Amino acid sequence: MFGSLSNYGDSLFDEFRRMQDEMNELFGRSPWPAGIRSVSRGTFPPINVGTTPEQVDIYLFAAGLDPKTLDISLQQNLLTVAGERKSPAEKDASYYRRERFDGAFRRVITLPEDVDPERVEARYRDGVLQIQVQRREAARPRQIEVK
Amino acid sequence: MAENKDVTTREAAEVQQREPETVLRPAVDIYEDAEGITLLADMPGVNREGLALEVDRDSLTIEGDARIETPEGMEALYADVRSTRYRRSFALSGELDTDAIKASLRDGVLSVHIPKRAEVRPRKIDVNVE
Chain A
8 MFGSLSNYGD SLFDEFRRMQ DEMNELFGRS PWPAGIRSVS RGTFPPINVG
58 TTPEQVDIYL FAAGLDPKTL DISLQQNLLT VAGERKSPAE KDASYYRRER
108 FDGAFRRVIT LPEDVDPERV EARYRDGVLQ IQVQRREAAR PRQIEVK
Chain B
414 MAENKDVTTR EAAEVQQREP ETVLRPAVDI YEDAEGITLL ADMPGVNREG
464 LALEVDRDSL TIEGDARIET PEGMEALYAD VRSTRYRRSF ALSGELDTDA
514 IKASLRDGVL SVHIPKRAEV RPRKIDVNVE
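Protein chains in written order, with our numbering: chain A, 8 to 154; chain B, 414 to 543.
One chain only, chain A, in its complex shape (with noise of 0.2 Å):
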């Protein structure tokens, strides 16, 4: 039950967690066939990135930075983003776990061809970055009305 152990003692939700890992590892690259930039899972940060017909968003889930470091750039449509999270190590103290990411990371995203990087704007709240940026009016699906 407790994570000290493992994360569940019943081996019935662990059968479940494991088919659903599978499931997720043959579903979860779609609709995207993996990247010439793509990285292996367990980088950080992970990053989601939705669309609209009118705007890309992405989310960077990086906890704990200080958005002060952070360099986002956007070239045609490949978004970069790097910036550096510091959790130094604790001094007279004896560490069980150090899971959490130190130190620096980039990421290099691509996003649909029809983004325009002229309008592009990220905020930092509750440890997610988000970054919005616009697709360009001509590539959004347009209603044709029959006469």
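By construction, these hints were calculated from the structure, which means they are not laboratory data.
Nothing false has been slipped in among the hints.
Part of the chain B face toward chain A, derived, beta carbon under 7 Å: (1) E445; (2) G458; (3) N460; (4) P484; (5) M487; (6) E488; (7) Y491; (8) D520.
If you're wondering where the values come from, they're calculated on a predicted model, not measured in any experiment.
Where is the CB? At the ideal position from N, CA and C, for every residue including glycine.
On the provided structure of chain A, position chain B as indicated by the hints.
Only chain B this time, still in chain A's reference frame:
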């Protein structure tokens, strides 16, 4: 002890209820010094309202719901994170003073400090030389 049993039962029920849901396991740092044990957990997206800490004599459970703003009608293009719920439990030991536990949350990093009971803290013993 009765308290602990209640917690366990409730958790099991919750797990069953949420079977299809993946629970994220927050990354933690845990260290001990002379004063007690400190736990740091990364729970990006969780604010005070979404956070729950459960402590009894034997265990500490951290739980949180990430609140992420998403525009209406958004479709996922790519996702490393497939759940908005974090949960992780730890067994505690008797020398920790769970009544004096302190927690804070900043930028998605949860910090929990559990002091040792005064009687088990290391004491400096002065040796008088006569």
